[in-house]
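*Asks:* Bring the two chains, given one by one in their own frames, into a single complex with the hints.
Protein chains in written order, with this note's numbering: chain A, 1 to 285; chain B, 1001 to 1160.
In short, the hints are calculated from the structure, not lab data.
Worth double-checking, as some hints may not be accurate.
Listing some non-contacts, in silico: residues in chain A with all C-beta distances to chain B over 10 Å [unchecked claim]:
#, residue
1, P35
2, K50
3, I102
4, S206
With a straight-line cut-off of 25 Å between C-alpha atoms, the simulated SDA-like cross-links for lysine to any residue are [what the hints assert, rightly or not]:
#, chain 1, residue 1, chain 2, residue 2
5, A, K56, B, F1008
6, A, K256, B, K1002
7, B, K1002, A, P35
8, B, K1002, A, E21
9, A, K256, B, A1129
10, B, K1002, A, G40
11, B, K1002, A, F5
12, B, K1002, A, G45
13, A, K56, B, K1002
From a predicted model like this one, the values you see are computed outputs, not experimental measurements.
Cβ atoms here follow ideal geometry from the backbone N, Cα and C, with glycine treated the same way.
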Amino acid sequence: MQTRFFMPETIENAVGLLADEAGYRCLAGGGLMVPALRDGYRPAGLISLKRLSALKGVTPQADGVVRIGAMTTHDAVSSASGLVGGNALVRQAAGRIAHPVIRNMATIGGTLCRANPSADYSCALLAAGAEICLRGLVGERVVAIDDFVTGDGATLRREDELLVAVTLPSGLQGSSAYVRFSRVDGDYPVVTTSARLEWADGAVRSARVAVGGCGPVAYRVPAAEAWLYGLARGENIPDDFFDAYVAAADPVSDLKGSAEYRRMLIPGMLRRALVRAFADGSALQ
Amino acid sequence: MKGIATNFRVNGGPCRIDAPAECTLLDVLRGTLALTGTKRGCDVGECGACNVMVDGVVVRSCLTLVAELARCEVLTIEGLGSGFTPGGVQQAFVDAGAIQCGFCMSGMIVAATGLLARNPSPTVDEIRAGLAGNLCRCSGYVKVIEAVLLAAARGRAQTA
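In isolation and in its complexed conformation, chain B is listed as follows (with noise of 0.2 Å):
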């Protein structure tokens, strides 16, 4: 089918998508590129499983269409780090024991990634403001924000 070039960067390597207009981000991650960490949970942009980073910002991936990501930088999950070398975030997430399930893992872990970014420093209320919008079926909330906690604590000691 013919469809609409499109030229971005996804983890830092190039790519090259020729898909119809209407084609999501998500479609694209999961299907063509095989890149299966993004989660599609409801596909109308509430749960925010599908999280991924466009130019340093954090958008739904569901709710993006690819044909407008000419020369955008994408990040997702597993630009963030890998199994055997989890990011500092994704470490923490472990270390607090906030995984449940797994299957908002990988918007929080992005949402949080973007939280940090622009404030370094959250408080518990900044931290639940900052990761509304995530929702996690397993309702495992408290050690979401006690791991994000613990990832902004080790990012400061590594700074300092």
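Okay, chain A solo, but in the shape it has when bound (with noise of 0.2 Å):
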């Protein structure tokens, strides 16, 4: 049977579509599925997305929040200038994924619903404390990514929910960093990490600090981030915080690395993540 094609201008017919026939499937950049069409993969159908200028841009708002449109391509995410404080390392994250084409093609929103634990996103997002927003026939619903995201692979989206924004906490009392480590610049990275710092009175107020490629989903340790708790810029982070991390971590061997290797790596990169945030964090207070 052959693939059917769609190419809906509204949001309310993209998900008309998505309810009206299982098997129906969301194309976005195309990076990920185009490769799999190659393959032999044959969908019932295909939603392009191309032409929901609604799911296009970051859009901070008063209060500081910033919605991300799924269809916001990695470029655009990098040189959002809205994206400061403790929401810069999203920015950051956005500008390091694969090359400057893929970066011109391929989503936020695509990116999220493949849930590859190395994906720079998945650490990045993990630590912004973004929200997913899904809408479905019946209205829309958010959903933390700390639950959105299952499984390697897997998430909350139902086949009849479409993924139309991220969203992210204010970040004007916030600091951060995203660090990530690949052998060839522009692969998937071995290991990543993400730190979010949110100050009062010169003081880390609360913090979020994540690591991905070190299992089947990037992961926090909120144990372990509350003892960054009421630190300053150039106090001691105890050596328990990053054994924590290294603790919680269940890396796979594979030909990028051994899981002994990324264990190893994780102290050393969420140390740079810190020293960043932390120095960034300075200039609030």
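*Replies:* As structure tokens, then:
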């Protein structure tokens, strides 16, 4: 059977198509779907989201919350002036994904739906505290990224739902940093780390710190994050913090590195992310 | 085979393609339209040999479905100039001696054209970052960078 093809002009039409027929799939940037088609994958229908202009763009709102449309390319996110402070890590991550031409095509929504634990966004958006907006026929629901990603390639998105946007909490009182390591620049990273700090009175008020590439999902260790509360710039981060993240890792061994190698990368890369986030946060009081 | 009818433009001329949903722009360029300047390297978006512009943005034609191109403007290496009348970036690549086997060159030149449109005076580091993802298996990257610097200098001289 031939794959049917649709290019809806409104979100309502796109959601209607998804609800219409099981087996219809969304087409975002094409970087994942088109190679699958080339290898013989034939969904019942493809719904190109390219004409949905409502899904494109980075929009800072008055309260500091930033909304990123699902069809916003990595290139657009990497140059978005609204991603500052606690949200700067998302801009940094977007600018390091793959190569320039791929960043012209690939989108935040497509990347999130694939939920590759090694993807730059998997780690950065977890530390950023992103929320995922899913639109179905009956309305929109919002899911925290911590819950949204349930495994390697698995998310809470139902087949009849369209991922319409990612929202980030206000980064105005925050600082952040994203660090990746790959043997060849532009490859999927081997290990990624991200830190997002909120500041009050010259000290950390809250923190979200994430590691990617070391298990089926990027992960945080909230108990260890709490040890950062109250720290000012230059204060020592306890060794237990780094040990807790290494202990929580569940890496595989593959071509890019053994599980042991990945575990060894975690403390240094976490420290690098935290040093940068602390340095950027020193301007905030 | 009954397909999806798509109207778009290629190098300034109108084009109507009937093709199945999974047909890529690269398939159409090299097959139906015989514009073989665009090369098929890896066919999964990793090598850059198939770069073209769609509405002024550099994309991989192997990752672009032709059915998505309704009303779009496609520009290929053939649209940038010919052997008799090469475009400015093409001439710079020839003059800098940047071409070895030539297989990656169409993608390199399209990517360089996109880079120079965004940044007419790139530094060496900006050229390296801007052309990342274009693989040359002759490994002749140094002269490619020199070619882009030359094209940029000539472009500035022209607009000065």
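*Asks:* Next step is simple, just say for each hint if it's right about the structure.
*Replies:* Evaluated hints:
no.	hint	result
1	P35	4 Å, violated
2	K50	5 Å, violated
3	I102	6 Å, violated
4	S206	34 Å, holds
5	A/K56 <-> B/F1008	22 Å, holds
6	A/K256 <-> B/K1002	44 Å, violated
7	B/K1002 <-> A/P35	22 Å, holds
8	B/K1002 <-> A/E21	22 Å, holds
9	A/K256 <-> B/A1129	23 Å, holds
10	B/K1002 <-> A/G40	18 Å, holds
11	B/K1002 <-> A/F5	13 Å, holds
12	B/K1002 <-> A/G45	15 Å, holds
13	A/K56 <-> B/K1002	32 Å, violated
In this structure, the hints that do not hold are numbers 1, 2, 3, 6, 13, in rising order.
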